[in-house]
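A.B. asks: Listed here are the chains, written in short residue letters.
Number of protein chains: 2
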Amino acid sequence: MSDLFVFVNNKLVPANDAKISVTDLAIQRGYGIFDFLVVVNGRPVYLEDHLNRFYHSAAAMHLPVPLDRPALVEAIQQLMNKNKLPNAGIRITLTGGDSPDGYSIGVPNIIITQNPFQYSLSSPLKGIRLITQEHQRQLPHIKTIDYAKAIFLQPTIKAAGADDVLYHTAGIITECPRSNFFIVNNQQEIITPDKQILAGVTRAKILLNTQFLVKEAPINFETLANAKEAFVTSSTKNVLPVVSIDGKPVGNGEPGPVTQELLNWMIQQKGILSTNL
Amino acid sequence: MSDLFVFVNNKLVPANDAKISVTDLAIQRGYGIFDFLVVVNGRPVYLEDHLNRFYHSAAAMHLPVPLDRPALVEAIQQLMNKNKLPNAGIRITLTGGDSPDGYSIGVPNIIITQNPFQYSLSSPLKGIRLITQEHQRQLPHIKTIDYAKAIFLQPTIKAAGADDVLYHTAGIITECPRSNFFIVNNQQEIITPDKQILAGVTRAKILLNTQFLVKEAPINFETLANAKEAFVTSSTKNVLPVVSIDGKPVGNGEPGPVTQELLNWMIQQKGILSTNL
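Read top to bottom, the protein sequences are chains A and B. If you're matching positions, the first sequence starts at 1 in the numbering used here and goes up one per residue. If you're matching positions, the second sequence starts at 1 in the numbering used here and goes up one per residue.
No lab work stands behind these hints: they were computed from the structure. Be careful, since some hints might not be right.
List time: in silico EDC-like cross-link candidates among lysine to aspartate or glutamate, alpha-carbon distance up to 16 Å [as the list claims (entries may be wrong)]:
#1 19/B <-> 74/A
#2 205/B <-> 216/B
#3 237/A <-> 261/A
#4 270/B <-> 17/B
#5 11/A <-> 101/A
#6 19/A <-> 98/B
#7 19/B <-> 98/A
#8 82/A <-> 164/A
#9 19/A <-> 17/B
#10 237/A <-> 189/A
#11 228/B <-> 261/B
#12 205/A <-> 48/A
Treat the numbers as computed from the prediction; the structure is a model and nothing was measured.
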């Protein structure tokens, strides 16, 4: 175990002592939400966006948050001061709480963990391989703790020689378990699925890019097959090229120039280019 | 908190001390399985069936069980001896374990809890009201801890004046979150959905009934509308009449005679009629 500290319900405790009751609804019923953000040189990246989504997820799941927003920011700061990890990932988890009957929502536990994380962008850019899988995440707009299907699929992904899975619902592409999906078409347009997906923070930033035409629209398997480039986005992955899907190369099977440009732009936006690489 | 004991990873501990690390995959990713059985007058009901399903769920989710079957039975017995609760519910939970990276399966935690539970069968029989909801449980054949959608829907169920939700997928009825569903048609046939459902232990026993023709077949909304009776089954509910669905009465809106007969038969099968009521 690490010698880092964890924030649990208003207290900083050593990671070894960071425990919650087995009667919590997270353990009993997989019920909880979270958010995750990256800290670069002591600066939380897009903190406001992540807090917005965290409180939105909590409200959507009927979970009262024990800390108001200033208190939560203060808790994150306390944890950062204690752990002295200038480059890290921070996860804020809110559970269903100890349930009197194993089914009703109790008083949620709030848990903030911090772990070392450093962006490492390889040059030349390395891409990932995806396999597609029919699956619609339940409650897709809420950042719940539910990754049952994604983790269940890990052996399938490995057996296919792939890195991750790309979900679709009746042939309409949605997202990866921990990242949003984009393609670049023949007209240099960037397209990302518009429905039944998580509102990724990095995805929202990509939609603000003005160098390319970026739009939200359905992506079917035909659009996918004709894509010149593909990539995924997330807080840790930034803009990560997808080089093959179901064993077939995307475009020429190499990370593409639009993806590379967007990555450069994104890491500038996040302020990680000059400080961290 | 109760003064009962809980079995956690080979130790009996007071419920207040029964905790697991916040890095467990159950808390981080909603990843785990469980099973639940009832103890009547010190006798676990259908223990073998529940253990079969528990080990099946674990294997299906790629989770190694830290205890082999004799050791698990011994653990349950130890817990029962300690808590001295002759009438109880016993829950065996297996989590994804402490994950090194927050995503890969670790060494699972096994948790066995026992809580007081006594069958209370009202006479005359009281029924429940359901509302339907389009939803397909992910990994339906595995008894995972995932009840996110079911608990998320609680306010909707309450607002509709109902007691529980009945899932369907594209108009084909599947199950309730914690029970299997049956109807009785005009020909006195008993029908239960055949696909994409959990293999309930009580459901399997009902299928063995020879007094009625019981069959597994798809149930659509038309079949539902024409049903003379409906009921749900589970380890705690035995055979529980459904008197309305989406505000419309099932049959004459009262618990029906076939349901009552099956309940009588079921509690005899379970050996709870003479000992506990």
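A.B. asks: For every hint, state whether the structure bears it out.
C.D. replies: Hints and how they fare:
At roughly 27 Å between alpha-carbon atoms, residue 19/B and residue 74/A are farther apart than 16 Å, so this suggested pair is violated. A hinted pair counts as satisfied when its Cα atoms are at most 16 Å apart, and residue 205/B with residue 216/B qualifies at roughly 13 Å. Distance restraint check for residue 237/A and residue 261/A: the Cα-Cα separation of roughly 15 Å lies within the 16 Å cut-off, and the hinted pair is therefore satisfied. About 34 Å separates the Cα atoms of residue 270/B and residue 17/B, which puts this hinted pair outside 16 Å; it is violated.
About 27 Å separates the Cα atoms of residue 11/A and residue 101/A, which puts this hinted pair outside 16 Å; it is violated. Under the criterion of a C-alpha separation no larger than 16 Å, the hint pairing residue 19/A with residue 98/B is consistent with the structure, at around 11 Å. A C-alpha spacing of about 11 Å is found between residue 19/B and residue 98/A, which places the hinted pair at or below 16 Å, so the restraint holds. About 34 Å separates the Cα atoms of residue 82/A and residue 164/A, which puts this hinted pair outside 16 Å; it is violated.
Of the pairs offered as hints, the one joining residue 19/A and residue 17/B holds, with about 10 Å between alpha carbons and a cut-off of 16 Å not exceeded. A threshold of 16 Å between alpha carbons decides the hint, and for residue 237/A with residue 189/A the separation of about 21 Å lies outside it, so the pair is violated. With a C-alpha separation of about 14 Å, the suggested pair residue 228/B and residue 261/B falls inside the 16 Å cut-off, and the hint holds. Under the criterion of a C-alpha separation no larger than 16 Å, the hint pairing residue 205/A with residue 48/A is consistent with the structure, at around 13 Å.
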